[in-house]
Structure formats: C-alpha cells, structure tokens
Amino acid sequence: MAECAHGLLAEFDSPETLTSAAKEARKAGYRNLEAFTPFPVEGLAQILKLPQPNIPWIGLIGGIAGGSFALLMQCYVSYDFPLNVGGRPLYAISAFAVVMFELTILFSALSMIVGMLWQNGLPRLNYPLFGASRFYLASKDRFFLCIDADDSEFDEVRTLAFLRQLGASSVELVK
Amino acid sequence: MTDRSTDILPVGQSMGGVSDQLTGIPLHFPVERRWLIAMVVASALLLLLMVSVIALFTRGVGIWGINIPVNWAFAIHNYVWWLGIGHAGTLISALLLLTQSEWRNSLNRFAETMTLFAVVCAGIYPVLHLGRPWYIYWMFPYPATMNVWPQFRSPLEWDIWAVLTYLTVSLAFWYTGLIPDLAAARDRATTRGWQIFFGITALGWRGSAVHWLRWSQTYRLTAGLAVPLVVSVHSEVSLLFAAGQIPGWHSTIFPPYFVMGAAFSGFAVVSIIAISLRSWFGLKNLVTDEHLDLLGKVLLATGLMTAYGYVFEVFGALYSGEAHELQTLSDRLTGAYAWTYWGAIVFNFIPLQALWWRGVRRTGWSLTLISIAVVIGMWLERYMILVTSLYRDFLVSSWGAFTPSFWDWSTYFGTIGLFLVPFLIAIRVIPLISIFETEELLHEEKEHG
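Residue numbers (the working numbering), protein chains in the order written: chain X, 1 to 175; chain U, 1001 to 1449.
It is possible that part of the hints are untrue.
[Stated by the list, open to error] Computed beta-carbon distance windows for the label pairs:
hint, chain 1, residue 1, chain 2, residue 2, range
1, X, Phe130, U, Gly1024, 19 to 29 Å
2, U, Ile1372, X, Phe130, 21 to 31 Å
3, U, Ile1372, X, Trp118, 37 to 47 Å
[Said to hold, decoys possible] The calculated DSS-like cross-link candidates involving lysine-lysine, where the alpha carbons are at most 27 Å apart (straight line), are:
hint, chain 1, residue 1, chain 2, residue 2
4, U, Lys1284, U, Lys1446
5, X, Lys175, X, Lys49
6, X, Lys23, X, Lys175
7, X, Lys23, X, Lys49
8, X, Lys140, U, Lys1297
9, U, Lys1297, U, Lys1284
10, X, Lys23, X, Lys140
11, X, Lys23, U, Lys1446
12, X, Lys140, U, Lys1284
Treat the hints as calculated values from the structure; they're not laboratory data.
Just so you know, even glycine gets a beta-carbon here, dropped at the ideal spot from N, CA and C.
Turn these sequences into a full structure, and let the hints steer you where they fit.
Pasting the structure below:
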C-alpha cells in the first residue's frame, strides 16, 4: 500500500478528473498510488486495485466472541450460585438471549470500529502530507492523487510532467 | 436510488460553499446571543436537577410521590419517555442509511447527538430510583465477597446491559461518522485553540482512498447492527412491564407497541430540533421544506402505527375476558387517571391528522406545534401505562393513588436541562450537519440531475 510519505501530489478539481487520472497512471505503470478525497468516491477502489477490506470478518469474530462470552458468563453465574426461582430452569437460554444479543452487537460494533482505526493507522495526528501547501483542501472540495517516490516508474521530472498532462491544477513534491 | 434523492437539495450549491458554511458554524459562531440565552435557561434547569438529586440522596426516594402500590412512577415513566426519544436518532441515521434515503444526510448528525443525550437522561433515572444509588455496581457480575451474582433471568438485569450497550454503540457510531467532518473543521480552523481541538479529535484523518474504503464498510455494518439494537433495546424496556403479571402490562403487544411509540416521539423531537436549528443557523438550503415534508410523513406513519397499538391493547383486554384486565381497561377509560388516557389520545392523534395535508407538513411552525403535541401525548401515554396499571391491581385492600410531588417535577424538568446543556455545547463545537455526506449528495445530484 502506498503510504505516500514522499512523492508527488497532484490536485484535481472533480472526482471524475481524479478517477480518470488514476486510471491513466495505472496504465502508465505506476503502482504506488494513493488518492485523497473529501468523501468516498465511487469506483476509485477498483481503479487503484485496493484489496477488499476484512472489516466484515472482524465484525463476525467480535460478534461470536461477544455472544459466547455472554452465554458463558450467564451460565457460570447460575452454576456458581444456583438460585431456584419457582422451579424454572437454571440454564434458561430464552432468558439469557437478551444479554447475549446485546453483547454480540456491542463486541461486533466496537471491534469493527477499533479494527478500522487500527488498520488505517489512526490516530496519527501528523503526517508528511499535511505539510503540502494545498493539502488542506482535500477535506473540502479538491481531489488529490499521490504517486509515491518508492514507485519503480517514479522519476521526479517525468512524473511531474505526466501529472500535469493529466490535467492536475497543481503538482507538489512532498517530503 | 429514487428519483426523489436527485432533487432533495436545491441545485447550484457548490461543495466548497457547503463545507465553508458548515465548518463556519463552530469556527465563527453566528448566533452567540441566542445561544447564550438558551444556555442560561438550560443551565438553570440543570442546576434544578442537581438540587433535586442532592435532596434525593440526602432524604431518599420518599421525597417523590411514590409509595405502595404505585412505586414506579416518574422515574420509570420518564426513563421510557427519554429512551424512546433517543431511538429516532438511531433510526434516522442507521435505517435510512441502509435504505439509501439520502435525505437523512442533512438530519443524521444532530439526530444522533440528540440520541446520545436523551439516553443519558434516560439512564440516570433508574440509578436515581435505586434508593441507594451507590450500590449500582451490584448490577454487574463481579466476584463479590458474599458469593452472590446478578440475576440474569430478570428483565431488570437485562435493562442495564441493553441501555449501556445502546449508549456505547450510539457513541461509537456517532464518533465514527464525525471523524471526517472533524478533519474538515481542522483544515478550516484558523485559531490555535480550534486547531488543537479539531486536530486531536479528528485523529489525523486525511481522507485516503483506502481509509475511506474501510471506513464505509465499518459505518454501514455498524448501522446494520444499530437497527436491530434499537428494536431490541425498547423491546427489552417493554419487558420490564410485560414480563410481570400486572394487568395492563402483561401483554404480548408491548414490545412492538413500545418501539413504535418510541420512534413516534423521537421523530417529533427530531422535527422540532431540525426546524429550530435551520432557522437559528440559516440552514434552509440544507434542511429544506422537502425534508420537513418527509419528516412529517414519517411522523404520520409512526403515529398511525402507534394508534394501531392502542386499538389492539384494548382488543387484547376485551378478548382475554380476564376480570382484572377488564377492570384495568375500565380504570384507564373512566378511572381517576382517565385524563392521562384521553390526553394521550387527543395530543397524539388529533393534531397528527393535519399532517395528511402537504402544506402543513412543509410549514415549520405547524410541524413544530404538532410535534410538541406528540411529545406531550407520548409523555401522557407513558404516565398512563405506569400509573393506571399499578394504582389498582389484584388486591382491593392495597389500592392507592399517586400524585407527583414537587421533587418529581423538579427532577423531570431538571433532566431537560441535562439534555439541553450538552446538546447546546455540541452544536457550538461540532459540525451539526454531516459535511462530507452532504457534499457526496450534491455531487451525485450534479451527476444524475
């Protein structure tokens, strides 16, 4: 995955120009690409060939863990201190279902959110890109494409010219 | 995508303009004076709550009007009422996200914020009602020296798990949706204080494509979990009643009946907040008459479903033919507290019928008045469900009455302060409409329309 800690950052003024530029860059053989947009842009993940995230699996595992924890906890409590309430069953699955359901959701949701932040490497308050002079517009209405300096095709002069030719309104070297 | 979503926001707005407008609200707060006045009123109410709670802790729950047989009154009644209001925030945000109803994008942020603080107001009530609130930790399973554990076969124990889960998941969902907007505000901030505040809370979000991919998946899946969670939480609350044998409570209709009533009252509060905020902050370009129209329709629909619940509650009692059920029914319709029953019917369902007219739905003041009537009506309904079932149950010798005391009222009005103070702070410091989702919608509209 392109970290884009060092590379050329090109600015585009619409999602369409960004996606077509990304397509061209892939075609030209660049592989270490990363895009920065104010909102999720449809189709960008396919163009950049980003791997499908594993968030659903994290959620599934979290949910199973939460549900089993709740079931075991409630059974253990009944086992450790059996309380006969009008002859009702000690291991009352129907009564335990509510807490099981709640903890399934709690563990699942929290593990997905923590997992998402973890995989995204957040919180990380500073980042080399934040030094770029126009990058603050990436959260407003500008769309950025970064070609990492690690890329085998990267050449400061040639890549800069290439990005300009794709219609970038500004290109900046990030260190 | 429906056709409607293509024209929900007026055309000709630029993404940058919307972003500046919305980040400008916390950064260059436009309504300082009105906000301060509201804050003074809200703080006074919060102070009232503090005084009431100190009085309660020093003198005990006897200062409330509760006694045998009506030992669950304002504390549980307002608990259910506040929690119900909170549910609409999650439904707007999560359910409408899943159904791709883009009109939610102008409403979900403050609706979710409303949820958080409404759940806090709800959550403190059972704790206050404990009598000895410092023993709240007995509700949690910890290895106690007396070797006892909480009773997991009781709805009272389910309650704490449901409400704490709901609060935690709502908070996490709200914050996840907020991160990109905090980053937008960080990038617009010009003063040191705001830069530090948004810089830390945005967690260093930079809008990278791979981050968005993981983020979207997480947000949608969490929304998918939040919808059944809402239904389960208020169903569980209804089991506090329905799992007991008290006539008027012991009914299978209770879970859906409670969930519908909750959504009904919550959408009413969302409408009130939406209309107030759009006139305060000049947001008519984002919270349009079209939004009010849709809110009005949802309010009407949930209201009619609640009315259906009323009909079937009566039908259930009649069909059972059980003497105590019939007696409770007649107590509700004609007894000492009949005013709560008829009050609920009148406030909930009579003004509501005006919403069949398009003009009424699209006018701010008329929708506000109807929503206020619904909030009052639902408050009366919860009062009615609590008191009319308890004041005359099986044993004639233990019949009694309930009159709320001064401290009942002061605690209740105080919780309104507990809701308003953090809510006013929230609209002061965070973008109160989701910026990136609005931008996304504007972009889609431009593409398709």
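Hints versus structure:
X:Phe130 and U:Gly1024 have their C-beta atoms about 22 Å apart, which keeps the hinted 19 to 29 Å range intact. Evaluation of the 21 to 31 Å hint for U:Ile1372 and X:Phe130 yields a failure: the beta carbon distance comes to about 47 Å. Distance hint check for U:Ile1372 and X:Trp118: the Cβ-Cβ separation is about 45 Å, which falls inside the suggested range of 37 to 47 Å. For the given pair, U:Lys1284 sits about 19 Å from U:Lys1446 by alpha-carbon distance, which is consistent with the 27 Å threshold.
At most 27 Å may separate the alpha-carbon atoms for a hinted pair to count; X:Lys175 and X:Lys49 meet this at roughly 25 Å. A threshold of 27 Å between alpha carbons decides the hint, and for X:Lys23 with X:Lys175 the separation of about 25 Å falls inside it, so the pair holds. Taking the CA atoms of X:Lys23 and X:Lys49, the gap is about 10 Å. The hint holds against a cut of 27 Å. The suggested pairing of X:Lys140 with U:Lys1297 is violated, with an alpha-carbon distance near 33 Å, which exceeds 27 Å.
Proposed proximity of U:Lys1297 and U:Lys1284 is supported: the alpha carbons are some 19 Å apart, at most 27 Å. Between X:Lys23 and X:Lys140 the CA atoms are separated by roughly 23 Å; this keeps the pair inside 27 Å, and the hint holds. With a CA separation close to 22 Å, the supplied pair X:Lys23 and U:Lys1446 stays within the 27 Å bound. Distance restraint check for X:Lys140 and U:Lys1284: the Cα-Cα separation of roughly 21 Å lies within the 27 Å cut-off, and the hinted pair is therefore satisfied.
Of the numbered hints listed earlier, those contradicted by the structure are 2, 8.
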